[in-house]
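Asks: Join the two chains into one complex using the hints; note that each chain is given alone, in its own frame.
Listed in order, the protein sequences are those of chains R and W. Going by our numbering, the first residue of the first sequence is number 1, and it counts up by one from there. Going by our numbering, the first residue of the second sequence is number 1, and it counts up by one from there.
It cannot be assumed that every hint is accurate.
Stated by the list, open to error - DSBU-like mimics (lysine-lysine), calculated; alpha carbons at most 30 Å apart, straight line:
(1) R:K190 x R:K309
(2) W:K79 x R:K61
(3) W:K47 x R:K94
Claimed, not checked - Non-contacting residues of chain W with respect to chain R, defined by C-beta distances greater than 10 Å in every case (computed):
(4) S16
(5) K41
(6) S66
(7) G84
Unchecked claim - Quick partial rundown of chain W residues pointing at chain R, CB under 10 Å, derived from the structure:
(8) V10
(9) C30
(10) E52
(11) C60
Simulated from the structure, these hints should not be mistaken for lab results. For glycine and all other residues, C-beta sits at the position ideal for the given N, C-alpha and C.
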Amino acid sequence: MVDTPAGPVPRARVTIGARDVLGRWSMRWGMGRNRYRVAPGLYAVGDPDQLSGILVTANYKMTFDALRRELTGLNVWILVLDTRGVNVWCAAGKGTFGTEEVVRRVKAAMLEEVVSHRRLILPQLGGPGVSAHQVTKGCGFQVVYGPVHARDIKAFLAAGMRATPRMRQVLFPLRERLALAPVELVGLFKPAGWLSLVLFLLAGIGPGFFSIGAAWHRGLAAAEVLAGGILGGAVLTPVLLPWLPGRAFSAKGALAGGILAVCSAALYRDALGAFHALALLLALPVISSFVAMNFTGATPFTSPSGVEKEMRQALPVQAALTALAGIFWVGGAFLR
Amino acid sequence: MEGFRYLDGVASLRFSEAACTGCGMCEQVCPHRVFAVARGKARILDKDLCMECGSCATNCPAGAISVRPGVGCATAIMKGWLSGSEEKT
Numbered sequence: 001m002v003d004t005p006a007g008p009v010p011r012a013r014v015t016i017g018a019r020d021v022l023g024r025w026s027m028r029w030g031m032g033r034n035r036y037r038v039a040p041g042l043y044a045v046g047d048p049d050q051l052s053g054i055l056v057t058a059n060y061k062m063t064f065d066a067l068r069r070e071l072t073g074l075n076v077w078i079l080v081l082d083t084r085g086v087n088v089w090c091a092a093g094k095g096t097f098g099t100e101e102v103v104r105r106v107k108a109a110m111l112e113e114v115v116s117h118r119r120l121i122l123p124q125l126g127g128p129g130v131s132a133h134q135v136t137k138g139c140g141f142q143v144v145y146g147p148v149h150a151r152d153i154k155a156f157l158a159a160g161m162r163a164t165p166r167m168r169q170v171l172f173p174l175r176e177r178l179a180l181a182p183v184e185l186v187g188l189f190k191p192a193g194w195l196s197l198v199l200f201l202l203a204g205i206g207p208g209f210f211s212i213g214a215a216w217h218r219g220l221a222a223a224e225v226l227a228g229g230i231l232g233g234a235v236l237t238p239v240l241l242p243w244l245p246g247r248a249f250s251a252k253g254a255l256a257g258g259i260l261a262v263c264s265a266a267l268y269r270d271a272l273g274a275f276h277a278l279a280l281l282l283a284l285p286v287i288s289s290f291v292a293m294n295f296t297g298a299t300p301f302t303s304p305s306g307v308e309k310e311m312r313q314a315l316p317v318q319a320a321l322t323a324l325a326g327i328f329w330v331g332g333a334f335l336r
Numbered sequence: 001m002e003g004f005r006y007l008d009g010v011a012s013l014r015f016s017e018a019a020c021t022g023c024g025m026c027e028q029v030c031p032h033r034v035f036a037v038a039r040g041k042a043r044i045l046d047k048d049l050c051m052e053c054g055s056c057a058t059n060c061p062a063g064a065i066s067v068r069p070g071v072g073c074a075t076a077i078m079k080g081w082l083s084g085s086e087e088k089t
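Excised from the complex, chain W in its bound form (with noise of 0.2 Å):
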């Protein structure tokens, strides 16, 4: 079975076009094909596959990339909630 999606309209994940090199190692690292890489330039797909789990930001040697990175986990977050942080497990 393939193609599930989430909630539409949530993800955090930024893009610079201008900023961008098109090495394409956003294109490699998602493991949900948000990115694709052509004529020198990468564009986002599909925002809404996005999990935010942060790994083209990070491999971004351009730094064209940002978003707030974190695991999608209802307990995580309630946990951080109930101790009142905003860190993530």
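With the rest of the complex left out, here is chain R (with noise of 0.2 Å):
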């Protein structure tokens, strides 16, 4: 604790533990995000006093670590708003993450008697939240917009709280790309799961009304065509997303899904029928495309108004495409 004008303030440690990490790699996967919160209000990093500076942010235990890991040797006050456990520019644009929030917290950690400038820092992230001219009036106290990434802010605090313009740019490189797979597939599952089932019921019908053997066989070569799309949409695409032509995400997704239903188409062209064939190449990037489209939620570069463009064009397609899909699949059953 920190003894303040206002009363003690907890101390955030700036080194992560092998608990933190562990739990990171829980959210990677989807595992407990809504319970992943740290308690708002007002924290102290190293010795803080009348001076020192003061960081907004998220009460996303994820978020939390991201920044008081980058702040080693810096004596700092952290600002923890309460987004109810989400991330900053996620709650940005719910705005929990906004001018009210920001007001009333600097009001309850009686922030004018903690120190004596009246300046916040904020991630530029929580711009689309926060009106920093609306704070002002609500608090009296000025907001500047520090950097994008946790990792800048030393650099921005000592280049005066000024940040370059590539500290202001969100990019969306591999290994971040990379970090989304695990959530996007925990996330797909449970669909994926109830669409198997339906899968496999479909698959009993033939000639013989329905078999339980074509149930079980067929069925599970359906499950694996909607695996692989699902690995090209929510893998594949994002890994490539540089490197596959096209701007819109249903058009990579299902070139994505291309590639891996003529490997697949190639690899069972022995065990495969024309008809079945033809099933996969175009059941596998019709769901590649579907799933790719749905990460356009995972970005960081996509607008509202381009996703339902896309959704608009991409849509009829899609579901024209599955049901051919669909006929060659169970006409191939009768046409063995």
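Replies: Structure below.
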């Protein structure tokens, strides 16, 4: 605890322990994301005083960890907003990392008594939710937008709170695209499970009305196509994003899925009839295309206007091709 | 890898040069370098890079910028269609 004119303030450590690393991995795999929070309010880093800077952040623990680990050797305050355990950018989009919450927390922490200056450093990506001039109106504190990434904070502070253009730009490198793959896959697991069940039931339909053997055999093949499509849309497309031609995610996904489909068709060419081969070559790219389209929500550069336009064009095509693939697949059972 | 671009000609971003005071907030908050300020006025450098996050409009004290903000997420838009609302999560 650190004593301040406004009472004792807990001290946050700048070291990351094994439990924090384990927690981050759990989050990356989508486990317990709704409960990974820190208590909102004021924290001290090092030995801050009246002149020390105030860094504002969200109460998602992964966010809080990403910030505090970059603060070794600094004496600063951290003001944690209650964003209901959501990261800065997403919370700003929803307004929970917002003007009102900043004003409320500044008052609740009695910052006017803790520091002598009147300045808050906000992460740049808090901008969609926070109106800097309204915060000043609401609590008298001026908002300075810091860099996008916590890793640039030291350089930002050292330069007299100036961010270089590079610190202000959001990129989407391979490392970030890959980090999203596990949680995308986990999120798709449940709907894919239900869809597989339907596929197994459909797979049994054939000349002999319904065959358990066919349901198992053909159902498994269909589930594999589904898994291949998900792999294409949720892993291959994000990884190959800059190199897949076109702008629309549905097109990029279809291409990634197309590559997988051609490879599988070649691999199983002896086992597949013409109809089944056609079904595979249609279904896998379509699934990949749909899954890739849903990846737009995880990227930092797609606009809602653009996604809506893309979906209005892609969804009818995806639906038609799915129906066609279904006809070939079910038809293939009768024409062997 | 730099320079991702999404669809052209769709962004709802509008900017009024007359209202602009050249304070530079838009240039600071934009994550995609859409704005640049020179000689007391902001200017849109590349509108097609806009992802409609709304940060510039929210932080423009002169009210010179408007954008229909939201999250570019297919899942959210589909949920919106299904629930019949314009609300984007």
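Asks: Compare the structure with each hint and give your call.
Replies: Each hint tested on the structure:
Straight-line distance between C-alpha atoms of K190 of chain R and K309 of chain R comes to about 28 Å, which keeps the hinted pair within the 30 Å bound. At roughly 28 Å between alpha-carbon atoms, K79 of chain W and K61 of chain R fall within 30 Å of each other, so this suggested pair holds. For the suggested pair K47 of chain W and K94 of chain R, the alpha carbons sit about 23 Å apart, so the restraint of at most 30 Å is met. Residue placement check: S16 of chain W keeps its beta carbon more than 10 Å from all beta carbons of chain R (closest about 17 Å).
The non-interface label for K41 of chain W is consistent with chain R: the shortest C-beta to C-beta separation is roughly 19 Å, beyond 10 Å. Every CB of chain R is more than 10 Å from the CB of S66 of chain W (nearest about 13 Å), matching its label as outside the interface. Non-interface call for G84 of chain W relative to chain R: holds, since the shortest CB-CB distance, roughly 15 Å, exceeds 10 Å. Interface hint at V10 of chain W: satisfied, since its Cβ lies 4 Å from the closest Cβ of chain R, which is below the 10 Å cut-off.
Here the hint on C30 of chain W is kept, as its CB sits about 8 Å from the closest CB of chain R, short of 10 Å. Contact between E52 of chain W and chain R, as hinted, is supported at the beta carbon level, the nearest pair being about 4 Å apart and thus within 10 Å. A least Cβ separation of about 9 Å between C60 of chain W and chain R falls short of the 10 Å threshold, and the interface hint therefore holds.
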